[in-house]
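J.: In order, the protein sequence lines correspond to chains G and R. Residue 67 in my numbering sits at position 65 of the first sequence; the count goes up by one each step and never skips. Residue 827 in my numbering sits at position 821 of the second sequence; the count goes up by one each step and never skips.
Quick caveat, the hints were computed from the structure, so don't treat them as lab data. Quick reminder that beta carbons are idealized off the backbone N, C-alpha and C, glycines included. Incorrect hints may have been included.
Computed list of lysine-lysine pairs in BS3-like fashion (alpha-carbon distance at most 25 Å, straight line) [stated by the list, open to error]:
(1) R/Lys-517 with R/Lys-94
(2) G/Lys-70 with R/Lys-686
(3) R/Lys-706 with R/Lys-686
(4) G/Lys-122 with R/Lys-94
(5) R/Lys-94 with R/Lys-751
(6) G/Lys-44 with G/Lys-70
Now the in silico label distances, taken between C-beta atoms and shown as ranges [said to hold, decoys possible]:
(7) R/Glu-749 with G/Gly-155: 37 to 45 Å
(8) R/Ile-697 with G/His-29: 33 to 41 Å
(9) R/Glu-160 with G/Asp-157: 34 to 42 Å
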Amino acid sequence: MSAPAAKAWPVALESEAWALLARLFDHPDAALPAQLASGELKQRLQRSFGALAPELWAELPVAAFEGKVTREALAVEYSRLFYFGNRDAPLCSLHEGEHRGNRMDVMERVLRFYTHFGLKLARNPSEMPDHLVSELEFLHFLAFQQERYQRHGLDAGAFRRARTDFLVAHPGAWMRGFCDRVIAATAQPFHDACARLLGGFLPAALDAHGVVPMVSTGRP
Amino acid sequence: MPVDLQRRRFVLAGGAALAGGSLGLSLRQLVWAEAAGADVLPPPGPAPVYQGFEDLYRAQWTWDSVVKSTHIVNCWYQRGCAWDVFVKDGIVWREEQSGVYEPTDPAVPDYNPRGCQKGGCYSQRMYDEGRIRYPIKRVGARGEGRWQRVSWEEGLREVADRIIDALVEDGPGSVVWDGGTASSGGGHGTGVFRGAHVLDTPLLDVNSDVGDHHPGAQATVGKISFSGSMDDFFYSDLILIWGGNPVFTQIPNAHFLNEARYNGAHIVTIAPDYSASAVHADEWIPVSVGTDAALALGMCRIILDEGLEDRAFIAEQTDLPLLVRTDTGLFLRASDLEEGGADDRFHVWDTGSDSLRRCDHRSLVLDRVQPALEGEYTVATPGGEVTVTPVFALLKRHLADYDAARVQAITGVGARTLAALARRIATAKAAAMVTQSNFSKFYHGLEMERCQILLMTLCGQIGRKGSGIVGFPALSIAGHETIAVSDGGFSPQIGALLLQIKNTPRALQWKMAGHTDEMIVYELAREAYRSGAHLPSNLYWYRFGLGSLLGSSARWDPTMQRELDAFLQEAYAKGWQIEPPTSRQRVFLEVGGNILRRTRGYNRLYETFVQELDLLVTLDWRMSNTALHSDYVFPAAGWYEKDDITWATPLAPYAHIVSQAVPPLGESKSDWAFVALLLKTIQQRAIERGIRDFVDRAGKSRRLDEVFDEFGFHGRYDEHSDQQLLTDILEMTTNLGGIGWEELKRKGFARYTGLDISLINTANATDIAPDATITANTWHTEKKLPWPTLTRRIQFYIDHPFFMEQGEQLPTHKDSPAIGGDHPLRMTGGHTRWSIHASWRDHPNLLRLQRGEPTIFINSDDARQRGIADGDLVRVFNDIDSFETRAMILSGLRPGQLMQHHAWEPYQYRDGKSYAAVTASPINPLQLAGGYFHLQPLPLAATPGPSDRDTRVEVERVEGA
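Chain G on its own, in the form it takes in the complex (with noise of 0.2 Å):
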């Protein structure tokens, strides 16, 4: 499935972009609106997207990245998008496996990624392993580890490896669409934004990772 990239991307950026779109799509703390009120946020993100995929970064409404926004207002849409906003159930799932079906079987599959490169899921918080924050920490670790074995010398095609055969067999497999219900199901601009930004992005990596991107409507 994987070849080598075409235009491989620094991977100490690649890494740093993987966590950021996790923090972006973690429930917000108290932290986000200061760092969105002081511009701290956009700039990381401009450091990290405007690098790797300038494109992509040019045509995002970045502005939402920055500016006064609470706290509250940013927790209560993400439980409306991704917990409680469909009565039982959120309007978009954070869970791969409710995207693709056979939920266990999603899980077993990426656990087996996780436990592979020594990786266990936290207790606090206790979060499923096909959780979009949890795929997405994973990216960023394979890309960390990429970047420390090289430093060291030592071969690191295993980290490489695994992180486009993850990339395509995961977050590229539902990411999109869940973006794309996201932008569809929002109106606030920061959540529009980073839809638009992980949906954008993972395209850029796919292609980076020598991959030709599919597109996905988040079911098999």
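Position chain R against the provided structure of chain G, taking the given hints into account.
T.: Below, chain R alone, put in the same frame as chain G:
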């Protein structure tokens, strides 16, 4: 490069800058074992081998643990299944039935395996999107579905403050709990009961609320919670499935019925519809909806006409020989015969001595008395001579109205069928009934149950192996219940002893007066009930929101000469029923139930009761309709995420545990922890706010700033004490063979060894032997202990004023009133195969096995007449309200019958309204009776229930849908 402070951050050794910026690792939901405890990473070792995804599968999949557990869900009749729960990396991946039940009686089939398709996919249910993982606070209008996640501390603080305000300003009666049907014998049940007790805040009595209160059993045998074991059916040669559908609702038990059939038992299903249980019967008797009492009475008449009754059994066990005054219609009492004579001593006419004999109220042994069953006798009283006659004679005259032709006209069952079944019951070696809690939900359900019991009693089919009537099956660990109410200044064990000492003088007094242990238990339970620990739910709803529906009885019931409210006020005035609080209702704590689904007329309840509340708080693991409309929702741990112990039934007489196989998902917590934290926060806030006391409902001052200390026995328990509590509970338990928590956790279950003295256990009135099936009520039939009724016998004649006013002294048939208005269809209900209440109602696995959305079943002819095709969206309506659902056409449904399987959440319906919107559920005045020994309110029974079955409706196709 920390992006936020919550994330775990690591940097490379030396912190060297890289092109594009420094490199760091920031994880939150994942943990990197290699870096545990390190801020600066050491140089790496060899990288994991990874050429492709195949490498992920080279290591054999192994389980971290296989844990015994089950599900604390109220599947009731079928409850109690041992499961192996398979865990890896903190996740439950699957569960399998444990086939580990040892045979009891070698002559009968064993219990292996137990479980159903709901339990078999709970691991998936607990992780699906319906799972509540974090505390949330309402930020929009109630029910709008706009939430904000809050911390436990933040949420509990506001809830505690509101409770404190309510306690201080309006008293404890303004804060009410609903434990629902999810109560356990361990942390959940004990926590909720003790929390409510310490605060003196009442708990709703859910049993009569939902119609599981078996009013006919209560009126007839003075109790409701009795049944035999499922394997006892192997000794039956006739099994009546009458009032239930066990193939749907007793999946782990149904094999016993089939095995009994292989053993030669004849199975008869009596139901209006050709149910799944009818399919597996030898005979199906289709009976018109709501006419089961007439069917039973028709058979009773045939039995008496043909002399098939068991006269010895009747004379010994029932009130049928007792004498009734023909002038007043009241029993001849000792107080009629002598100054100062007791009101609860009764008489028979001894044909041997041709004289009046007073019945022994301490024993059913007749000695040499030969009670007359027929005839009239003259008795001298201080007021002059009176004529008396046995109840049996009155019954015989009464049954004259139930000739086969009339019964056929009422029930639709032909004379030959009726007679054949009557003879079969009368001549069976052992006839048993598989009933469930269906008839309790009919307006005249009390009569249906009375008539069923009468039929079986006339034939002596009670209290013999393989025979019996079935009440409310329940069996629980006993001996520890005092933990909920004992003084927190002592250990639970000493507290139990003190309570025992406190109760002993009264118990001895009752014992001296001839009470059995069973009766003494009920007396104590009634006392507690009167103190307001529990509230009869339908009386509570009557006062707070649903009076116009529950009190509409006289609008539909042509036999009532006065409004229900007149009956109710009389009952209150005479102390027959317990008045709910009069204070404004301010805080409602939903901790295991779902009032906005289960309550008939839930939508009106929402518009009235809920709107008046300061705070509606729900603890649940799924978004119920009540949670959806709450102000705060707290996440409960799933059933594989906490430790607890379940209650059981004699049908499967095993205590099971739920065991914490994995940590709670998200921020969810056990039910015990929730209550403990709530009490802890109340205490803390009381101290912070300088509020020392509140006045309880008895007018006494209580310390508010010590409620958690009292709750936790002054340091013995806190929010983390689930296991300590269960250890204590099992140390105090007397009917589980002395097994401790650790051993029980390893094994997963234990068979009950006895009943001990407990409200729900003792009513089974039987011994539990390790190597025998269980037959209920043998203490009465074999040991000749009196039944816990006014007459100390199975009592068919009730000379209570309300029964007499309604002309129902004897078991009778009354047509179901046209509740809902003059509409042609009769809506019935039942439990579904694909969910236990609402727990799996929205789970994709189970929805795939049915139509995926609420449906109502309609007879094919009825559908054709209305132009309704299968799958059409239809509107069901009556004078009360309407709802929209999909039609499913069944030719097996009786013409005129509309069947709605229960427990869909209202929000699953197209127009957001469920079938419960059209049910007025008026109270039958007989269920307000009290002041009559066995007709007095007590937990689970003898308070008014609902009447949603046989609601009249019409249905029409929704055009353009």
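J.: Work down the list of hints and note, for each, if the structure agrees.
T.: Going down the list of hints, with the structure as the test:
no., hint, verdict
1, R/Lys-517 with R/Lys-94, "violated (56 Å)"
2, G/Lys-70 with R/Lys-686, "violated (37 Å)"
3, R/Lys-706 with R/Lys-686, "holds (22 Å)"
4, G/Lys-122 with R/Lys-94, "holds (11 Å)"
5, R/Lys-94 with R/Lys-751, "holds (19 Å)"
6, G/Lys-44 with G/Lys-70, "holds (13 Å)"
7, R/Glu-749 with G/Gly-155: 37 to 45 Å, "violated (56 Å)"
8, R/Ile-697 with G/His-29: 33 to 41 Å, "holds (34 Å)"
9, R/Glu-160 with G/Asp-157: 34 to 42 Å, "violated (49 Å)"
Of the numbered hints given earlier, the model fails hints 1, 2, 7, 9; all others are met.
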